[in-house]
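A.B. asks: In case you want the letters, here they are:
Protein chains: 2
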Amino acid sequence: MRRRDFTKAALLGAAGSLAAPAVVKAQAAFNWRMTSFYGPNAAFYSTGPGSAKDLCKRIEEMSGGRLKIQFYGAGELIPAAEGFDAVSSGTVEMNYANSYFWTGKSFAAQYFTAVPFGLNYQGFNGWYYDGGGRELWREVYDKFNLVPFACGNTGVQMTGWFRKEIKTVDDLKGVKMRIPGLAGRVYKELGVDARLIAPGEIFPNLERGVIDAAEFVGPYLDRQLGLHKVAKYYYTTGWHEMATTSELTINKAKWESLPPDLKAIVENACAACNVISEAWCQKNNAEAYEDLVKNQGVIAQPLPDDVVKALRAATTKILAEAVEKDPITKKVHESYFAYKAKYDDWADKSELVYHTKIRRAI
Amino acid sequence: MRRRDFTKAALLGAAGSLAAPAVVKAQAAFNWRMTSFYGPNAAFYSTGPGSAKDLCKRIEEMSGGRLKIQFYGAGELIPAAEGFDAVSSGTVEMNYANSYFWTGKSFAAQYFTAVPFGLNYQGFNGWYYDGGGRELWREVYDKFNLVPFACGNTGVQMTGWFRKEIKTVDDLKGVKMRIPGLAGRVYKELGVDARLIAPGEIFPNLERGVIDAAEFVGPYLDRQLGLHKVAKYYYTTGWHEMATTSELTINKAKWESLPPDLKAIVENACAACNVISEAWCQKNNAEAYEDLVKNQGVIAQPLPDDVVKALRAATTKILAEAVEKDPITKKVHESYFAYKAKYDDWADKSELVYHTKIRRAI
Numbered sequence: 000m001r002r003r004d005f006t007k008a009a010l011l012g013a014a015g016s017l018a019a020p021a022v023v024k025a026q027a028a029f030n031w032r033m034t035s036f037y038g039p040n041a042a043f044y045s046t047g048p049g050s051a052k053d054l055c056k057r058i059e060e061m062s063g064g065r066l067k068i069q070f071y072g073a074g075e076l077i078p079a080a081e082g083f084d085a086v087s088s089g090t091v092e093m094n095y096a097n098s099y100f101w102t103g104k105s106f107a108a109q110y111f112t113a114v115p116f117g118l119n120y121q122g123f124n125g126w127y128y129d130g131g132g133r134e135l136w137r138e139v140y141d142k143f144n145l146v147p148f149a150c151g152n153t154g155v156q157m158t159g160w161f162r163k164e165i166k167t168v169d170d171l172k173g174v175k176m177r178i179p180g181l182a183g184r185v186y187k188e189l190g191v192d193a194r195l196i197a198p199g200e201i202f203p204n205l206e207r208g209v210i211d212a213a214e215f216v217g218p219y220l221d222r223q224l225g226l227h228k229v230a231k232y233y234y235t236t237g238w239h240e241m242a243t244t245s246e247l248t249i250n251k252a253k254w255e256s257l258p259p260d261l262k263a264i265v266e267n268a269c270a271a272c273n274v275i276s277e278a279w280c281q282k283n284n285a286e287a288y289e290d291l292v293k294n295q296g297v298i299a300q301p302l303p304d305d306v307v308k309a310l311r312a313a314t315t316k317i318l319a320e321a322v323e324k325d326p327i328t329k330k331v332h333e334s335y336f337a338y339k340a341k342y343d344d345w346a347d348k349s350e351l352v353y354h355t356k357i358r359r360a361i
Numbered sequence: 000m001r002r003r004d005f006t007k008a009a010l011l012g013a014a015g016s017l018a019a020p021a022v023v024k025a026q027a028a029f030n031w032r033m034t035s036f037y038g039p040n041a042a043f044y045s046t047g048p049g050s051a052k053d054l055c056k057r058i059e060e061m062s063g064g065r066l067k068i069q070f071y072g073a074g075e076l077i078p079a080a081e082g083f084d085a086v087s088s089g090t091v092e093m094n095y096a097n098s099y100f101w102t103g104k105s106f107a108a109q110y111f112t113a114v115p116f117g118l119n120y121q122g123f124n125g126w127y128y129d130g131g132g133r134e135l136w137r138e139v140y141d142k143f144n145l146v147p148f149a150c151g152n153t154g155v156q157m158t159g160w161f162r163k164e165i166k167t168v169d170d171l172k173g174v175k176m177r178i179p180g181l182a183g184r185v186y187k188e189l190g191v192d193a194r195l196i197a198p199g200e201i202f203p204n205l206e207r208g209v210i211d212a213a214e215f216v217g218p219y220l221d222r223q224l225g226l227h228k229v230a231k232y233y234y235t236t237g238w239h240e241m242a243t244t245s246e247l248t249i250n251k252a253k254w255e256s257l258p259p260d261l262k263a264i265v266e267n268a269c270a271a272c273n274v275i276s277e278a279w280c281q282k283n284n285a286e287a288y289e290d291l292v293k294n295q296g297v298i299a300q301p302l303p304d305d306v307v308k309a310l311r312a313a314t315t316k317i318l319a320e321a322v323e324k325d326p327i328t329k330k331v332h333e334s335y336f337a338y339k340a341k342y343d344d345w346a347d348k349s350e351l352v353y354h355t356k357i358r359r360a361i
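Residue numbers (numbering that gives the first Met the number 0), protein chains in the order written: chain A, 0 to 361; chain B, 0 to 361.
These are calculated hints, taken from the structure and not from any lab test.
Be aware that one or more of the hints could be misleading.
Stated by the list, open to error - Quick look at which bits of chain B chain A covers, simulated, 3 or more residues with Cβ under 8 Å: (1) 125-131; (2) 270-283.
Stated by the list, open to error - In silico DSS-like links for lysine-lysine, alpha-carbon gap of 27 Å or less: (3) Lys104/B x Lys324/B; (4) Lys231/A x Lys308/A; (5) Lys228/B x Lys172/B; (6) Lys316/B x Lys187/B; (7) Lys56/B x Lys251/A; (8) Lys356/A x Lys316/B; (9) Lys293/A x Lys356/B; (10) Lys262/B x Lys56/B; (11) Lys308/A x Lys175/A; (12) Lys67/A x Lys253/A; (13) Lys175/A x Lys356/B; (14) Lys356/A x Lys329/B; (15) Lys316/A x Lys356/B; (16) Lys104/A x Lys251/A; (17) Lys56/A x Lys251/B; (18) Lys262/B x Lys52/A; (19) Lys163/A x Lys293/A; (20) Lys356/A x Lys293/B; (21) Lys67/B x Lys262/A; (22) Lys56/B x Lys56/A; (23) Lys329/A x Lys187/A; (24) Lys187/A x Lys356/B; (25) Lys251/A x Lys142/A; (26) Lys56/A x Lys67/B; (27) Lys341/A x Lys356/B; (28) Lys316/A x Lys175/A; (29) Lys356/A x Lys163/B; (30) Lys52/B x Lys262/A; (31) Lys356/A x Lys166/B; (32) Lys56/A x Lys262/B; (33) Lys166/A x Lys308/A; (34) Lys52/A x Lys67/A; (35) Lys67/A x Lys56/B; (36) Lys231/B x Lys163/B; (37) Lys316/A x Lys187/A; (38) Lys293/A x Lys341/B; (39) Lys231/B x Lys356/A; (40) Lys356/B x Lys308/A.
Heads up, the beta-carbon is just placed ideally off N, CA and C, and yes, glycines get one too.
Please work from the sequences and hints to get the whole structure.
C.D. replies: If you want it as C-alpha cells, here you go:
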C-alpha cells in the first residue's frame with residue numbers, strides 16, 4: 000500500500016471509534032463488463048439515479064474498487080437483443096435489460112417484468128422479495144446459466160400516444176401502433192396493427208404517419224422523444240405495465256466466483272437501485288405530466304372502460320394459452336396471481352383508500 | 000493473512016475473471032453500537048427482512064466485517080426515548096427509530112416519518128430521494144450533530160381498533176384511545192382522550208377497558224399484539240400515517256470518520272432496507288388482513304367520510320399553527336406540500352387508475 004493510504008486509514012481510525020484492529024488482507028479484484036438493452040445515454044435505463052451506470056458506480060464505490068464494471072450501452076459491444084445469450088455463454092459477465100425481452104427463451108420471463116392487469120410496484124416487490132417471485136425467477140433462468148436480480152422500476156407506464164381519439168373498441172381496428180411484446184399480442188386480438196420499433200425510430204415514424212400511435216414509458220421519457228409534438232391524445236391508463244422491473248443478469252459461474260462480501264454488495268446495490276430509480280420516475284413523471292398538460296396542449300385521459308374490458312379479456316385468453324402450453328409458466332403464473340389475489344384485498348383497505356379518500360379532500 | 004485465505008482468494012480470482020491484481024491494503028475497521036426505539040425482538044423494527052438487525056447484518060457482510068454494529072433494543076443499553084440524545088452526544092454511533100418521536104427537538108422532524116393526509120410510500124420516496132426531502136432532513140438534524148437516513152417503511156398504517164363502532168364525529172368524544180404524537184393531537188381536537196402507551200401495554204389496557212381504542216401499525220403487527228381479541232371494529236383508513244418511514248441516525252463526527260466505501264455501504268444498505276422492509280409489510284399485511292377478516296371475526300371498514308373530513312380540518316389547523324411558529328418547519332412543510340401537489344395530479348393518472356380500474360375487473 001502507499002504510505003498516503005496508510006496514514007489516511009490510521010487517521011480515520013483514530014477519529015472513528017476504532018475499536019477493532021485494522022484489517023490487512025489480499026482481496027480478489029474483478030474487472031467485469033455490463034452490456035445493456037438500452038443505449039449508452041438512455042435516461043433512467045443507463046444514466047441517472049438508480050440506472051445501470053449508477054448501479055456500476057455504487058458497486059465500485061462499496062467494494063473500494065475491487066469490483067469494477069465497465070458499462071456498454073446497446074450496440075457498443077454487442078447488439079441490444081444479444082445480452083441474454085452473451086451472459087449465458089459468459090462472453091460478458093452482466094447484462095441490464097427487462098426480462099420480457101426474453102419470452103422467446105421462456106414465456107415465464109414475462110412475469111418478472113410486468114403482466115397486463117398485474118401487480119403494481121408495491122405488489123411486485125412483495126411477491127419478488129417475500130412471495131417466492133425471486134426464487135421462481137432464478138429457477139426459470141437457471142438452465143440458461145443466469146442469475147437474475149430486480150434492479151430498477153419505472154412504476155406505472157402510460158398506454159401511449161394516439162393521433163386520433165379512441166372512443167370505442169372499434170376505433171382501435173387497423174391502428175398502426177408501436178407496441179412491443181405481450182401488450183402487442185393483446186392489441187392484435189382487438190385488430191391493432193402492432194409493430195416493434197426501436198425507441199430512436201418512434202418519433203420519425205409517428206411524425207411521418209408510418210404509425211398512428213406509440214407506447215413508450217411515461218411522461219418524462221415520452222416527452223424526451225418528443226411524442227407529444229406529433230400526437231395529442233395521451234392515454235394514461237397503463238393497463239399493460241403497472242410497474243416495469245429492470246433486470247440485471249449475471250453469468251452463474253461468474254456470480255459463484257464472487258466472495259460473499261461482493262455478492263452482498265451486488266444484491267444490496269440492486270435493491271437500492273430498485274427503490275431509487277422508482278422514486279426518480281415518480282418525481283420526474285409528476286413534473287413532466289404537469290408540463291405536458293399545462294404547457295404542451297396534450298389531452299390526457301384514461302382509455303374508455305369498454306376498451307379496458309376488451310383488453311382484459313384478450314389478456315386473460317393469451318395468458319391462459321401460455322399457461323396451458325408450458326409447465327414452468329403455469330407455476331409462475333399461479334404463484335403470481337395467488338399473491339395478487341391477497342394483495343388486492345389488502346390494497347382495497349390501504350392504497351386504494353389512500354388514493355380515493357385521503358390524499359385529496361373528499 | 001492466513002494461507003487458507005490466500006489460496007481461496009487466488010482460486011476465486013481464477014474462476015472469476017480476475018483481470019485486476021489482488022488488492023492488498025490495511026483498512027480501518029470499526030466496532031459500532033446501534034440502539035433502538037423498539038424492543039430487541041420487535042418484528043419489522045428489530046427482526047426480519049429490512050429491520051434494524053438486518054441492516055446491521057447487511058453492512059457487516061458488505062464490508063467484510065470492517066464495520067461491525069452491535070444492536071441493542073430499547074432498554075438493553077439505554078431507554079427507547081434517549082436514542083436521539085445518545086447519538087447526538089456520541090455515546091452511541093447509531094440509533095434506529097422514527098423521526099416523529101423527536102418533534103420535541105424540532106417539529107419539522109414530523110415530516111420525515113409521516114404527515115396526516117400526506118404522502119404515501121411512492122410519494123415519500125420521490126420527495127426524499129429527488130425532491131429535496133433528504134437534504135432538508137439533514138439540515139434539520141445538523142445542529143444536533145446527527146446525519147439521518149430513511150431505512151425502512153411500514154407502508155399504509157391502519158386507523159386502529161375500537162371496542163365500539165364509530166358512526167359519527169360525536170362517537171369519538173370521550174373515547175380513551177392509545178394514539179401517540181401528532182395524530183393524538185388531532186384526535187384531541189375532536190374530543191378523543193388520546194393517550195401515550197408503550198406497545199407492550201396496549202393489549203392489557205384495551206382488554207381491561209382502561210382504553211376504548213388503540214392504534215398500532217397494521218394487520219400483521221396488530222395481530223401479534225392480539226388487539227383483535229379485545230376490540231372487533233378495525234378501522235382501516237390510515238389517514239394519519241400513509242407510509243411510516245424508519246430512520247437511522249448516525250453521529251455526525253462518526254459518520255465523517257468513515258472512509259468512502261463504508262459510507263457508500265451504509266447508504267445503500269439503508270436504501271435496500273427501505274424497499275425490502277416495505278415489501279415485507281405488503282406481503283405480511285395482506286396475509287394477516289385475510290386471516291383477521293375471514294377467521295377472527297374482525298369487522299374491517301374505513302372511517303365514515305364525515306369523520307375523515309373532521310380529522311382533515313383539525314390536521315390542517317394544527318400544521319398551520321406549527322408552520323406559523325417555526326421557520327424551519329415552514330420550509331419543510333412548503334417543500335413537502337409543493338411536492339405533494341404535483342404528485343397528486345400524477346397519481347390521479349397512474350396509481351389511482353391502477354387501484355380503481357386495472358387491478359380488478361370493472
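A.B. asks: Indicate, hint by hint, whether the structure satisfies it.
C.D. replies: To see whether the hints hold, each was checked on the structure:
{"no.": "1", "hint": "125-131", "verdict": "holds (count 6)"}
{"no.": "2", "hint": "270-283", "verdict": "holds (count 11)"}
{"no.": "3", "hint": "Lys104/B x Lys324/B", "verdict": "14 Å, holds"}
{"no.": "4", "hint": "Lys231/A x Lys308/A", "verdict": "24 Å, holds"}
{"no.": "5", "hint": "Lys228/B x Lys172/B", "verdict": "24 Å, holds"}
{"no.": "6", "hint": "Lys316/B x Lys187/B", "verdict": "12 Å, holds"}
{"no.": "7", "hint": "Lys56/B x Lys251/A", "verdict": "24 Å, holds"}
{"no.": "8", "hint": "Lys356/A x Lys316/B", "verdict": "19 Å, holds"}
{"no.": "9", "hint": "Lys293/A x Lys356/B", "verdict": "25 Å, holds"}
{"no.": "10", "hint": "Lys262/B x Lys56/B", "verdict": "15 Å, holds"}
{"no.": "11", "hint": "Lys308/A x Lys175/A", "verdict": "21 Å, holds"}
{"no.": "12", "hint": "Lys67/A x Lys253/A", "verdict": "14 Å, holds"}
{"no.": "13", "hint": "Lys175/A x Lys356/B", "verdict": "25 Å, holds"}
{"no.": "14", "hint": "Lys356/A x Lys329/B", "verdict": "26 Å, holds"}
{"no.": "15", "hint": "Lys316/A x Lys356/B", "verdict": "19 Å, holds"}
{"no.": "16", "hint": "Lys104/A x Lys251/A", "verdict": "17 Å, holds"}
{"no.": "17", "hint": "Lys56/A x Lys251/B", "verdict": "24 Å, holds"}
{"no.": "18", "hint": "Lys262/B x Lys52/A", "verdict": "19 Å, holds"}
{"no.": "19", "hint": "Lys163/A x Lys293/A", "verdict": "20 Å, holds"}
{"no.": "20", "hint": "Lys356/A x Lys293/B", "verdict": "25 Å, holds"}
{"no.": "21", "hint": "Lys67/B x Lys262/A", "verdict": "18 Å, holds"}
{"no.": "22", "hint": "Lys56/B x Lys56/A", "verdict": "22 Å, holds"}
{"no.": "23", "hint": "Lys329/A x Lys187/A", "verdict": "23 Å, holds"}
{"no.": "24", "hint": "Lys187/A x Lys356/B", "verdict": "22 Å, holds"}
{"no.": "25", "hint": "Lys251/A x Lys142/A", "verdict": "10 Å, holds"}
{"no.": "26", "hint": "Lys56/A x Lys67/B", "verdict": "24 Å, holds"}
{"no.": "27", "hint": "Lys341/A x Lys356/B", "verdict": "17 Å, holds"}
{"no.": "28", "hint": "Lys316/A x Lys175/A", "verdict": "22 Å, holds"}
{"no.": "29", "hint": "Lys356/A x Lys163/B", "verdict": "23 Å, holds"}
{"no.": "30", "hint": "Lys52/B x Lys262/A", "verdict": "19 Å, holds"}
{"no.": "31", "hint": "Lys356/A x Lys166/B", "verdict": "17 Å, holds"}
{"no.": "32", "hint": "Lys56/A x Lys262/B", "verdict": "14 Å, holds"}
{"no.": "33", "hint": "Lys166/A x Lys308/A", "verdict": "13 Å, holds"}
{"no.": "34", "hint": "Lys52/A x Lys67/A", "verdict": "11 Å, holds"}
{"no.": "35", "hint": "Lys67/A x Lys56/B", "verdict": "24 Å, holds"}
{"no.": "36", "hint": "Lys231/B x Lys163/B", "verdict": "8 Å, holds"}
{"no.": "37", "hint": "Lys316/A x Lys187/A", "verdict": "13 Å, holds"}
{"no.": "38", "hint": "Lys293/A x Lys341/B", "verdict": "12 Å, holds"}
{"no.": "39", "hint": "Lys231/B x Lys356/A", "verdict": "23 Å, holds"}
{"no.": "40", "hint": "Lys356/B x Lys308/A", "verdict": "10 Å, holds"}
Checked against the numbered hints above, the structure violates none of them.
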